[in-house]
Structure formats: structure tokens, C-alpha cells
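Trainee: Given chain E's structure and the hints, the job is docking chain H onto it.
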Amino acid sequence: MRVDRPARKQKPISLTPLVDVIFLLLLFFMLSSTFTTFGQLDLGAPAGSGGTGTVPEAILVLEETGLRLNGREIGEDLLMKEAQSLLDRDVDSILLLVRGATTTQQLVAIMSRLKSLPDLKIVVANAQ
Amino acid sequence: MIRMPRKAEKRPLESTVSLINIVFLMLIFFLVAGQLAPPQDPEVTLSEAQAPSLPPPDALYVRSDGSLYFREQPVTADAYLAERLLQNDTGADRIELAADKELEATQLLQHVAELYQAGAKRVVVVTRTISE
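Residue numbers (this note's numbering), protein chains in the order written: chain E, 12 to 139; chain H, 18 to 149.
Here chain H stands alone, though its shape is the one from the complex:
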């Protein structure tokens, strides 16, 4: 028996149009469903609650050991407030405080009190909304 070399079947080049379609769909999905997020502190896990919603905040973070961080730089309440007032931004009267869920609540309250003493008009705690 003679072995005949099989002729390699030449496949037609795959069209890129289907690829583009999928990528386009994903692009639209992320455009519509996502929100642009300011940098978040990787060490902080927010506590969960059902609370009025808030757009992704550029918040002041409190890590679980009680230290304050803003954009991953350690700060104090006074310095943070002074900077916010210096920038004179419109949201200066509302301070968003994002606390780790393992942080002791007494320490959180201390930070809130310090922020009010430093001149904040309103302090809100950032939480993560749990889906029902």
C-alpha cells in the first residue's frame, strides 16, 4: 500500500470583522456599565450596608490600624482639611471617610470628631452597598 501524503487543507483566513464586533460590544458594555473610579486604597475593605448611594468617591481612607491615608499618602486630619480648604473645591463641606470594616468603631468616631474639630461641616462614612 502506498502512503499518500495528505494534502494540507488550506483554510481561508479568518475574517477580523467578528473579532471587531466582539471587542466593540465589550467596549460599549464597559462604557455603559462602569464608572470611572478615583484611586482606591488597596488595604481598605469597606464595610457593607444599605445606604443612600454615592458616586465613586476620592475619599480619605482609614486603614484597620487606625491610620489615615489620602491617595496612599499618610496624612493627618488637620493637614487633609487644610489642603481641601486650600483647593477650595466645591465638595469641601462634605468629607468622605472610607473606613476599613475591621477598624474599631471607637477609633472611627475619634477620627470623625477630629475632622469636625478641624472645621469639616459634614462627614460621611463611605460604605459598600450589598446587592440584594
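For reference, chain E alone in the conformation it holds in the complex:
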């Protein structure tokens, strides 16, 4: 005689452990992720260390009071125009002299703007 087993009624799976794990994952990723986007800026080898770099044809002095290109004071808004006009005159290497209490922010801002001109070679030097 065959006795059919009574069909077991399956209980629905409990969601609690799933939620626990998802919560843990969420916490982990929330705490360990960053939304800052980083950038990199190459300052190049320091000048005056005996390299075989080209002789700079223009000098840009960076002070806390402002910028001086070849001894002439220029405003920061004119920087790109001046750099472009240097390139037009076939001046393609520039020495960036950092003086006084210039902050890193100022240096980085000037550098990143000058780097947008790919033909311009920049050498950074410490004037102190």
C-alpha cells in the first residue's frame, strides 16, 4: 500500500537575516567610500639639480602679492593670455620662481592653469 506523504506546507523564508547582512554591507560601504575626486599635478624635478633641461626663456615670479612675468606685474586673469602670447613668440620654456609666503593653493592653481598649455615646459624653483 502506498501512502502519500502529506504535502508539507513550506513556510516563507524569513527576511530578517537578509536584512541584517544588507545593513552591514551598507554601513561598510557608507563608511569606507569617498566621493572626493583627486587630481595629480607633476611638479617636475627641482631646478638646479644638474639636469640637462633647457634654459628657461621666461621667468614667472610667484609672490603672495601677485605675479610678475619677466619683471612686469601681471594680474592673475591675464596669465593665460600672457602665456599664450609667449608661445606665439616661440618662447616655450618658463621658470616659475616661488617666493615669500606663497601658499600651496596659489602654486597649484597657477601650475594647473599653465599645464593646460601642453607646449609650455615649466620648471619650478624655490627662490629662498
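One or more of the hints may lead you astray.
To be verified - EDC-like cross-link-like pairs, simulated, lysine to aspartate or glutamate; straight-line CA separation at most 20 Å: (1) H:118 with E:130; (2) E:126 with H:113; (3) H:118 with E:87; (4) H:138 with E:93; (5) E:132 with E:31; (6) E:126 with H:65.
Claimed, not checked - DEER-style ranges, computed between Cβ atoms: (7) E:81 with H:99: 55 to 61 Å; (8) E:95 with H:91: 22 to 28 Å; (9) E:23 with H:69: 35 to 41 Å; (10) E:95 with H:93: 40 to 46 Å; (11) E:46 with H:91: 53 to 59 Å.
To be clear, the hints were calculated from the coordinates, so they are not data collected in a lab. Quick reminder that beta carbons are idealized off the backbone N, C-alpha and C, glycines included.
Mentor: Then chain H, alone, in the frame of chain E:
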């Protein structure tokens, strides 16, 4: 007038499924949008610039007073370089230097020069990209 006690309305138990949905969505969001970050120095605010992008670096930090920190331990340029070379990791030829934006640029350049003297092949300054 007789005051009748109101029968407390019995609300049905809220379903957890909607909660799980939201949590799941947030999980997916953080998975996709975030990047796992190596520990960052809390004292250092990076300078802002438009520069080629870089994944979150495990950088050498320069605080605004000019002192060098790696993973919140004070180090010198020589010791840091020696450790990097000892570990022989693939990124040893590129040193990431994360400088505070208030640091004097002359001090930053000194640190860069020291790193090159200690044998670094390439030193890059880590910046924060500003959104347009």
C-alpha cells in the same frame, strides 16, 4: 452623555519589504558611486585645481606646518622612501605627496626636492578636483 472608550484601532504590522527595498537601493548606490578610500589625514585640506584624475591615493601627507605624515605617523622623506623601496611595490617610482593648501609653497618645494634626492623617480602633488 456617556463617554464611550474609543477602541484603539489596530494597525496592521508594517511590511519590512519596503524597508529592505530602500536599504538595498542605498547599498547599490554606495557600491557604484563611491570608491574605497585609503585612510586620509584629517588635518590636511587638499588644494583645489583642475588636474588629471587620480584614484584615491595612499599618499604621503604634508601638514600646514610642514611636517610629513604617512598613515598619521610622522616620517621623514628618507625613511618613507626607504620603506617604499623595501616593500618593492609597483608604485614605488611615483610618490604621491598630498600637501595642505595653507602650506607655504617654498616648504612644499623643499619636500619635493628632498624626495628626489632620496631617490624618488617622480613626485606628484595630490589635489582635489573642483566640480564645474
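Trainee: All hints are to be evaluated individually against the structure, with a verdict given for each.
Mentor: Hints versus structure:
1. H:118 with E:130: violated, 27 Å
2. E:126 with H:113: holds, 18 Å
3. H:118 with E:87: holds, 18 Å
4. H:138 with E:93: Roughly 32 Å between the alpha carbons, so the hint for residue 138 of chain H and residue 93 of chain E is violated.
5. E:132 with E:31: Status violated; Cα separation ~56 Å.
6. E:126 with H:65: holds, 15 Å
7. E:81 with H:99: 55 to 61 Å: violated, 42 Å
8. E:95 with H:91: 22 to 28 Å: violated, 44 Å
9. E:23 with H:69: 35 to 41 Å: violated, 53 Å
10. E:95 with H:93: 40 to 46 Å: holds, 41 Å
11. E:46 with H:91: 53 to 59 Å: For residue 46 of chain E and residue 91 of chain H the Cβ distance comes to about 28 Å; the hint is violated.
Taken one by one, the earlier hints fail for this structure at numbers 1, 4, 5, 7, 8, 9 and 11, listed in ascending order.
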